[in-house]
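Protein chains: 4
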Amino acid sequence: MLRYLTAGESHGPQLTAILDGLPAGLPIDITQINFQLLRRQKGYGRGGRMKIEQDRVTIRSGLRHGVTLGSPITLVIENRDWANWSLIMDPVKPIPAALGVRERRLAYETHTPRPGHADLAGGIKLNQHDLRNVLERASARETAARVATGSLARQLLEHFGVEFASHVIRIGEAAIKKDVPLNNLERLRSITEESPVRCAESKTGREMMAAIREAKKKRDSVGGVVEVIVRGIPVGLGGFSQWDNRLDGRLAGALMAIPSVKGVEIGLGFAAAAVRGSKCQDRIFYDAKGDP
Amino acid sequence: MLRYLTAGESHGPQLTAILDGLPAGLPIDITQINFQLLRRQKGYGRGGRMKIEQDRVTIRSGLRHGVTLGSPITLVIENRDWANWSLIMDPVKPIPAALGVRERRLAYETHTPRPGHADLAGGIKLNQHDLRNVLERASARETAARVATGSLARQLLEHFGVEFASHVIRIGEAAIKKDVPLNNLERLRSITEESPVRCAESKTGREMMAAIREAKKKRDSVGGVVEVIVRGIPVGLGGFSQWDNRLDGRLAGALMAIPSVKGVEIGLGFAAAAVRGSKCQDRIFYDAKGDP
Amino acid sequence: MLRYLTAGESHGPQLTAILDGLPAGLPIDITQINFQLLRRQKGYGRGGRMKIEQDRVTIRSGLRHGVTLGSPITLVIENRDWANWSLIMDPVKPIPAALGVRERRLAYETHTPRPGHADLAGGIKLNQHDLRNVLERASARETAARVATGSLARQLLEHFGVEFASHVIRIGEAAIKKDVPLNNLERLRSITEESPVRCAESKTGREMMAAIREAKKKRDSVGGVVEVIVRGIPVGLGGFSQWDNRLDGRLAGALMAIPSVKGVEIGLGFAAAAVRGSKCQDRIFYDAKGDP
Amino acid sequence: MLRYLTAGESHGPQLTAILDGLPAGLPIDITQINFQLLRRQKGYGRGGRMKIEQDRVTIRSGLRHGVTLGSPITLVIENRDWANWSLIMDPVKPIPAALGVRERRLAYETHTPRPGHADLAGGIKLNQHDLRNVLERASARETAARVATGSLARQLLEHFGVEFASHVIRIGEAAIKKDVPLNNLERLRSITEESPVRCAESKTGREMMAAIREAKKKRDSVGGVVEVIVRGIPVGLGGFSQWDNRLDGRLAGALMAIPSVKGVEIGLGFAAAAVRGSKCQDRIFYDAKGDP
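Chains as they are written, first to last, in our numbering: chain D, 1 to 292; chain V, 1 to 292; chain G, 1 to 292; chain U, 1 to 292.
Bear in mind the hints are in silico, worked out from the structure with no lab data behind them. Heads up, some of the hints might be wrong.
To be verified - In silico BS3-like pairs for lysine-lysine, Cα to Cα no more than 27 Å straight-line: (1) G:218 <-> U:217; (2) V:178 <-> V:279; (3) V:178 <-> D:216; (4) V:177 <-> D:42; (5) D:125 <-> G:125; (6) D:216 <-> D:203.
I would like the entire structure built from these sequences, with the hints used as guidance.
Below, the structure is given as structure tokens:
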């Protein structure tokens, strides 16, 4: 059973993850982890901070000469901007006296909770007046550690022939015009890697970029929808003995635990509401002689 | 920390749930549990089986004279149709020899997996040729035990002023025309209890019923969308220290663990994709002086 | 992964356990469960209550015709003395008004915490003035549910050739004179089943009985030590990736969770303190050419 | 709820621990963690390796200026001997070709399982022919990460007035002559810190040292018994609703998860077997009017 913990503040010295439960004997490709970290950082119209970071993973346990030992794996992603933050974010050293009251207040403390973030709720929950003490961990920066950990899980699944692809199907008003073919995920991956917005349709991709530019011009932001495709899953993952081993629930729980994700669908999703049962895609197993 | 296990086959003698972690001293209203079980069984156009069941809960531990002891609570929902199933579903007694080969095959065994169900995957996973051994537990009947357990959790939350309401916003092509007001959940509850399809708009409700009747006439089914509203949640539920204590993830995980649920949204949900960040409802905490 | 919850008060209507995770296709012998429940109730010098109970298990889910389905198993042990307790322990009905103040106080409430029990700590923890609300669940009666659940786990292990035996090696000052041979557990089991104190040496067994009688005469009690022997364990149970999958820790944790158990040893146990490393029994794998 | 994972091989670059669940606002004393790490390394008669290590903790997350943030804490203990091991233990780089067959075999691979260790079982479980792949994680070196994590938990408990002390009561045949007084733990701590074998009686301490020297002379080892004393525990830790929240079970489970620990007692422990119930120390709450 895989389990993991992550740690690290957004502007702290490093993110760390410990992944327990990966079996022994699996060769791990570090460049794959770094490739996924790079994909996380890309993004049309992303701000300056992402350029600074250039995340790279270091592995500090659990492998020997690139092969898993069956022991827990430690992943470290150093904060490349740490030098600029060490004074006010040092885990141990006290805040320097030399920091003037004004600088201290400006650089150090944050008292205005941002909408749509954990600042206000976290400040109340943890009894913190300086909201930096909240936002540093609540930050989506933490997902870099999940991406690195996820890349390990993906390498395990790929070892068993499971294949992954994802593409952006909507940004703002710009949405793809037709479903992508699911039978050639390698091609889908190579097309979306070329697109700055990971869109499989080049014209729609340009509309998406325009939507982002326009929002950015007004100092605003815009949302999107991503489709994730997984093929080759072995039969029987998850279970139905209890609510907490249902595969759909586990997938949705993991996805909605990503701060920016506000909705998850599986299969037809919400569209199923307007579709007759007899038309549902899942009906591919339907046997005409079967009891409906 | 609340945790629970449920047990019971769809046509077995009973469903059972054990809920651990409810604090001592909470008065429990059994009629509320039965009311929620009744709500689960209602439904415009539902088949005959639901009429048979008439679920009622019996409490076998964890309360004394209607008040929680802090010890685990046992909930039992007996199968009112057990007499008809006892021969072929008895947990212990062998299948009677008197059952002829043909009857046995007809009544007892199921070899055709139904689309959209766990039959095929479960049969492979558990190495079962008689798929009744799979579908009996994979059945959505199990959610009756979750409803009863959930009613206990709800009574705990209501004790602290948390308020719940839900209503159906879409069935097939029929969808509500405008958002319901969120400031009077009691009124919303009373309106939807009157509606056979739990719709807050009477005209839309009639369209929903027509959609169901039409699908049923063609021996087909149709989907829907439900909105759940919770008010008065204390600040700070969930957390952001790890992926698995994020509140959104936990809610989505629990909802998607209900067999029929194929999509979950929180807040704006997928609509957020087409909405500028500055227009998002969550921005109610926005402080004009704050860093956006 | 096996997990289970138990429920039920000592004088409530029933004990219930739900065991999740037993694989499908395992034949279960109910008489084995009842045999283990009977063994739990026996005991030289035990009081009257044990005679009343005569625990018997009923299975309400998870099996079909005596074979596991892979779905959770519900075990019920009814309280055979429930009729005498229903008035003051009913989970739902209010305490009858007819119960006079004096009777009520005598039969119903308990205000004096017993030494060596959870009464005092539980009363403070759960804010209960009537300590019956604490002791009913803290009671060792709950271990009957664990015995029934454990019998299912044992049947799974026995299916794979794991063999169990246990015997009493000390009661008060009476202790066995020499180690029992470990190579014939069937013989050990049959000898100890014959002994009222489960002692493998008949003379020592009589000394143990005398120790119990003597203590009882003085309205006192006396302790003992049990040795549990398990053979045929597959290599590799437990693990060393984290503290919480170490087999020794899991065994000790389960044993010390039995209210009366105050110490646990594995292998040489405390005796290892006085034995040179080179003499330790575990050294059987020692290879003379190996690095010590 | 506190939870933690540790990671790191015995001769790998570092040990890492992530502790999740410590509340925000707790000042942490790093010197206390290092003091506990030093205590772990001390030990009369310990071999050379311990001298090399000189463990020191670095904190990489979860604190800001020495105070907890409520976010997970990352503890790192670097392997000070890493330079000597990096060639054959590098997590990522391949084993250098320049390593001759003989050196490689000698320095790198281990094929002889040691008695009393996880080598044999681990090699079978993880399908490893080079037992170094097993012993590196199974090694008791991992307990350094537990000690560092435990020091954080101890600082939380000390904040609430809980006090800890421990002393060695037996090594080989040398055992303390009388119980230590429990009312002055500070004095007990200062006496045992002075003793090379942490014995509270100076004469017995010298006997213990002699026992160690004598065993060592014969290239052998000798065991011991430690008593741990905790005072000021708040009432109500643990619980009795399920087997897995019983405090005794949790303590014993954690202690027996330490590789060298073969027995755990709480209170009178095994001695309770020979003591009448009326004489048990726990009887201090006994109320003469109470129902025994």
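Against the structure, the hints come out as follows:
1. For the hint linking residue 218 of chain G to residue 217 of chain U, the alpha-carbon distance of about 53 Å lies beyond 27 Å, and the restraint is violated.
2. Our distance criterion of 27 Å between C-alpha atoms is met by residue 178 of chain V and residue 279 of chain V, whose separation comes to about 18 Å.
3. Restraint check for residue 178 of chain V and residue 216 of chain D: the C-alpha separation of about 31 Å exceeds 27 Å, so the hint is violated.
4. For the given pair, residue 177 of chain V sits about 40 Å from residue 42 of chain D by alpha-carbon distance, which is inconsistent with the 27 Å threshold.
5. Distance check on the hinted pair: residue 125 of chain D and residue 125 of chain G sit about 24 Å apart at the alpha-carbon level, within 27 Å; holds.
6. With a CA separation close to 20 Å, the supplied pair residue 216 of chain D and residue 203 of chain D stays within the 27 Å bound.
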